[in-house]
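6 protein chains.
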Amino acid sequence: MKIAIYPGTFDPITNGHLDILERAIKLFDKVIITVARNSAKNPMFTEEERLDMIRTAVRRYKKVEVDSFTGLVVDYARRKKATAIVRGLRAISDFEYEMQMALMNRNLNDEVETVFLMPNEKYTYLNSSIVREIAIHKGNVKNFVPPNVYRKLKQKTSSQ
Amino acid sequence: MKIAIYPGTFDPITNGHLDILERAIKLFDKVIITVARNSAKNPMFTEEERLDMIRTAVRRYKKVEVDSFTGLVVDYARRKKATAIVRGLRAISDFEYEMQMALMNRNLNDEVETVFLMPNEKYTYLNSSIVREIAIHKGNVKNFVPPNVYRKLKQKTSSQ
Amino acid sequence: MKIAIYPGTFDPITNGHLDILERAIKLFDKVIITVARNSAKNPMFTEEERLDMIRTAVRRYKKVEVDSFTGLVVDYARRKKATAIVRGLRAISDFEYEMQMALMNRNLNDEVETVFLMPNEKYTYLNSSIVREIAIHKGNVKNFVPPNVYRKLKQKTSSQ
Amino acid sequence: MKIAIYPGTFDPITNGHLDILERAIKLFDKVIITVARNSAKNPMFTEEERLDMIRTAVRRYKKVEVDSFTGLVVDYARRKKATAIVRGLRAISDFEYEMQMALMNRNLNDEVETVFLMPNEKYTYLNSSIVREIAIHKGNVKNFVPPNVYRKLKQKTSSQ
Amino acid sequence: MKIAIYPGTFDPITNGHLDILERAIKLFDKVIITVARNSAKNPMFTEEERLDMIRTAVRRYKKVEVDSFTGLVVDYARRKKATAIVRGLRAISDFEYEMQMALMNRNLNDEVETVFLMPNEKYTYLNSSIVREIAIHKGNVKNFVPPNVYRKLKQKTSSQ
Amino acid sequence: MKIAIYPGTFDPITNGHLDILERAIKLFDKVIITVARNSAKNPMFTEEERLDMIRTAVRRYKKVEVDSFTGLVVDYARRKKATAIVRGLRAISDFEYEMQMALMNRNLNDEVETVFLMPNEKYTYLNSSIVREIAIHKGNVKNFVPPNVYRKLKQKTSSQ
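Chains as they are written, first to last, in my numbering: chain A, 1 to 160; chain B, 1 to 160; chain C, 1 to 160; chain D, 1 to 160; chain E, 1 to 160; chain F, 1 to 160.
The set of hints was computed from the structure by calculation and includes no laboratory data. Please read all numbers here as calculations on a predicted model, not as lab measurements. Mixed in with the good hints, there may be bad ones.
Each pair may be met inside one copy or between any two copies, as identical chains are not told apart.
Said to hold, decoys possible - Calculated pairs, DSBU-like style, for lysine-lysine (alpha carbon to alpha carbon, straight line, at most 30 Å):
#	residue 1	residue 2
1	K81	K138
2	K154	K2
3	K138	K62
4	K142	K30
5	K41	K142
6	K81	K142
7	K156	K142
8	K156	K26
9	K138	K156
10	K2	K81
Go ahead and model the full structure; you've got the sequences and the hints to work with.
Here you go:
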């Protein structure tokens with residue numbers, strides 16, 4: 001069984017993340033989407049909130065597991081018997097950072113391969129920090145996140 | 001009448017900003033240079049100081065209005081009946097960030113077009129944070145900013 | 001009256017070109033879309049065929065003129081009393097080449113400003129040479145070009 | 001069974017190609033390395049020579065099939081029941097071209113996913129055209145290509 | 001005598017830094033490796049610790065001097081009678097930032113030339129912040145830093 | 001004595017090349033500017049014409065030798081006892097190609113270091129092919145090339 005992990009901060013999960021997840025599902029027998037604990041400096045959502053939003057958003061997919069981890073991602077991959085780390089590539093700036101991470105991870109554990117997938121081009125400009133920014137300024141993020149995340153974001157930002 | 005807005009942090013305004021502004025003036029009937037409030041984490045200059053420096057620096061241009069705004073830039077553009085957001089493009093790193101912003105802004109309001117202009121190549125390396133950095137280290141920034149900003153920077157950094 | 005020129009090889013014109021043209025129309029009083037003669041090494045379509053396809057494709061737009069030119073684009077702009085050269089920016093590779101051209105053109109004539117517009121992100125991957133490539137391999141290019149260009153491409157490639 | 005294709009010109013196959021192939025083997029049940037016929041303008045090696053060199057170089061791998069194709073790569077993938085197109089990503093310039101190809105291919109057939117893998121960093125600078133260039137100038141390419149390709153290159157270039 | 005300075009934060013010095021230093025030594029009569037004081041926001045190591053680690057790591061090189069500085073790097077270069085500032089270039093993101101710095105430094109003092117050297121490709125992915133990150137997560141950084149830095153990092157992170 | 005070579009096609013030599021040459025002169029005891037024979041597909045100028053133009057243009061510099069070579073640049077460097085290959089870096093696209101070449105050259109001969117210098121930013125957009133293009137279209141290239149090259153270009157293009 002080919003297992004892949006899809007690690008990230010997911011603060012919050014966006015439709016771009018779900019797009020990558022769906023592509024990974026077609027390629028692997030199991031995909032573990034996993035929240036990197038403590039990776040965000042000042043997260044908008046707690047780890048538990050982020051996990052909750054992911055669980056609801058991915059409920060409709062089979063073969064997907066939701067988890068969180070701390071420490072090095074390659075150690076986590078080894079514990080999960082994963083052969084691949086899935087990452088989305090949207091832009092050049094992604095590319096450089098991701099290449100650096102992939103090479104370093106390979107140096108630390110060369111049995112896990114980083115696999116890059118490209119999201120639908122309509123998600124080129126989409127990332128969690130832009131979504132948070134727009135939500136804070138009361139802009140409409142309905143098209144960018146799953147419905148449950150949309151409701152959660154409205155709740156969070158209306159109380160500010 | 002074609003109206004463009006030129007939004008930024010302008011902490012402080014540099015000769016590179018003025019170069020872009022002059023190019024925008026040739027293309028539009030009115031250009032509103034507008035300070036994004038709260039956009040800088042720890043600005044060197046207060047919003048009022050930044051507006052003052054801009055007002056003095058652009059006094060010689062006709063067709064230019066100075067303003068500030070908060071919230072989403074596309075909402076501000078709509079209120080001002082602007083059809084264009086002007087942005088300077090100097091380098092690849094600018095390009096990626098600006099493309100992301102432009103696409104997101106279009107998604108939020110597709111009636112405002114982002115227009116990219118290229119500054120004189122002598123301003124390729126110039127940005128406000130480098131100017132602040134040099135000024136703090138008592139380097140000479142006379143060639144990089146308008147005279148009134150130069151005086152203000154000297155004042156600010158000599159008292160440190 | 002603000003006049004812009006939109007120069008290119010247009011071998012053939014694609015929906016990405018039309019997307020940029022529509023954005024330029026909103027910003028200027030007149031836009032001249034103009035075929036750079038002799039710019040393509042081995043064009044698939046003759047200059048006359050390219051002009052014909054453009055004329056049909058842009059018929060529905062007001063304020064648009066179709067033309068062709070030879071020589072330096074800045075000299076052509078001057079003759080047409082244009083204040084702007086419109087260019088689409090889709091990717092980093094575009095950016096470098098376009099920046100180089102824009103700076104060189106400004107050096108040759110600093111009264112014409114190059115204005116960069118961003119196409120809809122669904123056209124990020126679209127250019128004339130990919131369209132030709134797919135058409136030659138009998139792939140379906142219906143979504144990438146105007147209907148009249150689609151018919152012309154089928155005709156051209158079926159006879160090969 | 002998960003099948004991937006690894007298309008390319010392979011004029012000639014290098015150690016960088018083999019590095020990517022080995023990574024793909026770990027991720028898929030079968031990998032078809034396939035020569036794009038007529039893709040090179042003036043190939044150094046004929047299609048048959050390139051296929052021969054690949055066959056010898058990949059003999060030691062199980063789960064690998066060697067083939068060639070003409071026409072669109074997505075049509076070929078469909079015929080082979082492949083769910084993935086494997087591509088190596090070494091540099092930014094690769095990235096832009098590959099992203100464009102991947103998005104266009106997805107538009108033509110959204111059931112095949114392009115999967116990007118990163119070669120060992122020692123192959124960052126390696127590509128077939130540099131290998132040909134060095135071989136023509138009698139430089140030593142022993143470290144860059146499999147032994148059978150090395151012999152073939154020496155033979156080819158000594159007769160010039 | 002041709003003198004070069006090699007400025008940086010060195011928090012801590014890595015094998016990638018030593019690789020660049022060795023290349024610089026071949027080109028110049030004296031190389032001063034110099035710690036930019038106060039350049040790091042929240043350094044892991046104090047200035048004195050960083051200098052100590054560098055001193056031990058470079059002990060085997062002749063023609064190398066270890067120092068630290070504050071203020072503008074070009075002013076420091078002038079005081080040291082250096083004709084060159086040495087910088088390593090690993091990636092595109094380095095390139096843009098370094099180009100900006102080099103051009104600004106030239107503007108402030110055009111008698112000092114910035115000289116870019118390329119590290120061994122095995123150090124492409126290596127920088128001090130990744131080393132710190134891995135060390136904090138108890139990953140093995142033995143291959144990335146000199147032995148004395150490795151010991152110091154273990155000490156520092158085991159007490160956390 | 002530190003010797004550097006500055007290889008290129010120089011079809012023709014531009015002010016940007018001279019700018020890099022002058023910077024190299026400050027860093028090395030001797031700089032050999034050397035024409036790569038047969039490197040250009042369809043050069044505008046013959047090897048002899050290119051060498052003539054360089055000889056006239058660099059007459060005012062001491063410590064400069066003019067030469068040409070064929071074969072691998074690292075073999076040429078070895079014959080000339082050079083420790084450095086000088087290259088200008090103007091843009092990202094330069095960077096990727098130059099990095100690839102530098103790494104390959106180092107692999108072929110690790111005793112020669114590639115040294116990257118940055119030209120004055122006013123030459124960012126300047127290269128020989130743009131100069132040829134403008135000259136062919138009767139544009140004014142006076143600011144881009146040395147006087148003797150300007151005369152030669154006029155001569156060459158007026159007869160066409």
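So, going through the hints one by one against the coordinates:
1. K81 <-> K138: between (43 Å within a copy, 20 Å between copies)
2. K154 <-> K2: Answer is neither: 38 Å inside a copy and 35 Å across each miss the 30 Å cutoff.
3. K138 <-> K62: The answer is neither: 34 Å in one copy and 34 Å across copies each exceed 30 Å.
4. K142 <-> K30: Within one copy only: 29 Å inside, 33 Å across.
5. K41 <-> K142: Intra 25 Å, inter 27 Å, cutoff 30 Å: intra and inter.
6. K81 <-> K142: between (36 Å within a copy, 25 Å between copies)
7. K156 <-> K142: within (15 Å within a copy, 44 Å between copies)
8. K156 <-> K26: neither (34 Å within a copy, 38 Å between copies)
9. K138 <-> K156: within (11 Å within a copy, 35 Å between copies)
10. K2 <-> K81: This pair counts as both: shortest intra-copy Cα distance 9 Å, inter-copy 19 Å.
Checked against the numbered hints above, the structure violates hints 2, 3 and 8; every other hint is satisfied.
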